[in-house]
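Produce the complete structure using the sequences and hints provided.
Residue numbers (this note's numbering), protein chains in the order written: chain A, 11 to 429; chain B, 11 to 429.
There is no bait here: all hints are sound.
What follows is a set of in silico ranges between Cβ atoms, one per label pair, in the way DEER data are often shown: (1) B:Lys72 / A:Thr362: 54 to 64 Å; (2) B:Arg365 / A:Lys87: 38 to 48 Å; (3) B:Lys308 / A:Arg97: 56 to 66 Å; (4) A:Asn117 / B:Pro304: 31 to 41 Å; (5) A:Pro283 / B:Glu20: 38 to 48 Å; (6) A:Glu279 / B:Val110: 34 to 44 Å; (7) B:Glu20 / A:Thr362: 30 to 40 Å; (8) A:Asn117 / B:Glu295: 19 to 29 Å; (9) A:Arg88 / B:Val39: 51 to 61 Å; (10) A:Asn12 / B:Glu20: 40 to 50 Å; (11) A:Arg97 / B:Trp113: 20 to 30 Å; (12) A:Lys412 / B:Lys72: 44 to 54 Å; (13) B:Ala13 / A:Ser337: 32 to 42 Å; (14) A:Gln201 / B:Gln201: 14 to 24 Å.
No lab work stands behind these hints, which were simulated from the structure alone. It should be emphasised that the depicted structure is a prediction, and the values quoted were computed from it without experimental measurement. The C-beta atom is built at its ideal place from N, Cα and C for all residues, glycine as well.
Residues per chain, in single letters:
There are 2 protein chains.
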Amino acid sequence: MNAIEAVVVEKAKRAKEAARRLAYLPTTVKDAGLLAMADALEAQMAEILAANARDLEAGRLKGLSGALMDRLMLNEKRVKEMAQGLRDVVKLPDPVGEVVAMWRRPNGLEVGQMRVPLGVIGMIYEARPNVTVDAAGLCLKAGNAVVLRGGSEAINSNSAITRIIATAAYRAGIPEGAIEFIDRTEREAAQVLMRLNGYIDVLIPRGGAGLIQTVVKTATVPVIETGVGNCHVYVDEFADLSKAEPIIINAKCQRPGVCNAMETLLVHEAVAPAFLPAIAQRLKERGVEIRGCPTTLKFVPWAKPATEDDWHAEFLDLILAVRVVRSLDEALDHIYRYGTKHSEAIVTENYTNARRFLKEVDAAAVYVNASTRFTDGGQFGFGAEIGISTQKLHARGPMGLKELTTVKYIIFGEGQVRE
Amino acid sequence: MNAIEAVVVEKAKRAKEAARRLAYLPTTVKDAGLLAMADALEAQMAEILAANARDLEAGRLKGLSGALMDRLMLNEKRVKEMAQGLRDVVKLPDPVGEVVAMWRRPNGLEVGQMRVPLGVIGMIYEARPNVTVDAAGLCLKAGNAVVLRGGSEAINSNSAITRIIATAAYRAGIPEGAIEFIDRTEREAAQVLMRLNGYIDVLIPRGGAGLIQTVVKTATVPVIETGVGNCHVYVDEFADLSKAEPIIINAKCQRPGVCNAMETLLVHEAVAPAFLPAIAQRLKERGVEIRGCPTTLKFVPWAKPATEDDWHAEFLDLILAVRVVRSLDEALDHIYRYGTKHSEAIVTENYTNARRFLKEVDAAAVYVNASTRFTDGGQFGFGAEIGISTQKLHARGPMGLKELTTVKYIIFGEGQVRE
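Set out below in structure tokens:
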């Protein structure tokens, strides 16, 4: 075992030991830990901002883009928001111990399913230091230990933050090892973590498509895939166009850089002549570049022609691909072919078309007459979210505290044996 | 792409196409398919037995063990049981389409979770040809396509069976490609399957520890790990020994070769003098070899001394490791250290000890006063099972039809947009 491997294994071991006790720690103790973490972030603000300044300076030297520098940057307001985030988690109900179901078998055995923590969660993520605090808080509330591996750009910020919150949590009665941070930036450290079966129960990568693909391809530990969203809005021939317009503007423009933003608009040919020129104009006013199919170009002559790549693209920007389709079936085929199974919406007043879209589209979230931007733990009412799963195992869509747990069967007998 | 890869990809593609239609196929059509498959197995019995005879002949030449030959062997009775298994699946409720929960948000959006199929399931399994039929039936009922990859010993039997059931299903209205069988026995075929992200949604390996470890280490497709069980029964100082005896005999002897059989018995020192000699005698009468800790050897002088390996062992045989412990804590530590998180039982009349065992033991199934042998889909009331998950993601413990599904969020709006 080399030095990097030794560091990662040692941290994972400590997390695993902590997880055993965390699993049945009373909610009151976990909440006291969260509040202590929040207070410590504010009390040690200067230390965090100093560490962040070192990251920002290194980022400037490396020539990081303005967007990346902004994501990396902490100030008093942002640190206070991180602390408030932890206090908000205190208010959420503890998912651990809930008996999801219990039934009696003919032989008198009572069989139940109880919600329990996953154990040790490995988080591999990119630049934003607030993910460090969010993840640590949510994992702790759900009774999990967490091993954090942030991006190298934020190494000083993340080191300071985790030292501060882990110490505060420990002093408040949380087992040592509950929050571990890997302070080695070598790629090998992440690779070791991804293959630590027996120590890490689940890996949650958060970041760009490249990071997530690397984790999926490298990990032997089970992974919850998050992220990529090539989302569509389909304006049906029976759409109420007065609903379609605000939904489209919202889905594309309210926050274009996130995974639940719309990337392709599909419009039924029956409404295209009336609707496309108008909506294109509204989008143009908001700075949206349109890349259209040949039919779209007839109605929106100033649009660029769309390429095959555009139908596949997650632009994460003020760019929209637009295609005119001849039927609901053609829309469903397009979504099947190009979609990433994240969030898909139909705008229609037709009962049968709405039902077909709901049934036939295979995605984490399928909408009728609402913006795809609602795919979010907060918007769904979960109070918090650790990511949006785009895989089908375990969790699909926004993941809240419940998705950070598993279940175990509990069986009560009075001496039963199997015949 | 070489020839083997081409074969596997082609089959997975067909399965993926079938899965799209299977996802919303009416239950009546799926049930008609299952009944047609059952009828075809019986009608084409001669063809199946002839294919099986070729596998048995090859097995004899290869020198397969008696146990393996028995698992491989089909006869009229076994084929009829396979057909009956399919008819039993018809009687189970269809899990697809169930709305698990639905709630209204303050903005009027209605958010629900609907059960939907996983998509394409890859099954990699060993000798027994009945797994072919079981898996195909359960996957179909839950709306999934399945790509089957059985062991090379059963290649002729599995080829004949899948050809017969897939044809029967297709004639009954099931989409072509719903049941695909990989008839290449090269190791590479399995490896290609394990890495077909984008085609295969979930892999379920069934077989020995070696197979499962290979899949976990090789796969990039999400895996549901099944299987290994180093299960314990702990006889507490407050045990009702008249309950302990039948539970222990049952857990060890009723079917020693399965994953939910007991492998290690833990006995509190306070009851060891009275209990150990008696239970050891009963076990000996049933042919059980005992490997004990030094204290056990005092009470059972004829037992063999246990080695460190014995505490780790999944014997799957009439062998039992026995350890005397000084406390519940010592029992919990032993289980934490050596257990495989499958099935663990305490025998006690003490309320607090029972509660501590239930809370503190991390396993798929935790029992009070009942045999570990109940960890089984049929025994839990699921009607059927596709395996027993020993991982924490998605499914834990016996997996029935419900575990072969995922959920999607369905959202009903009237034009809502995000603020």
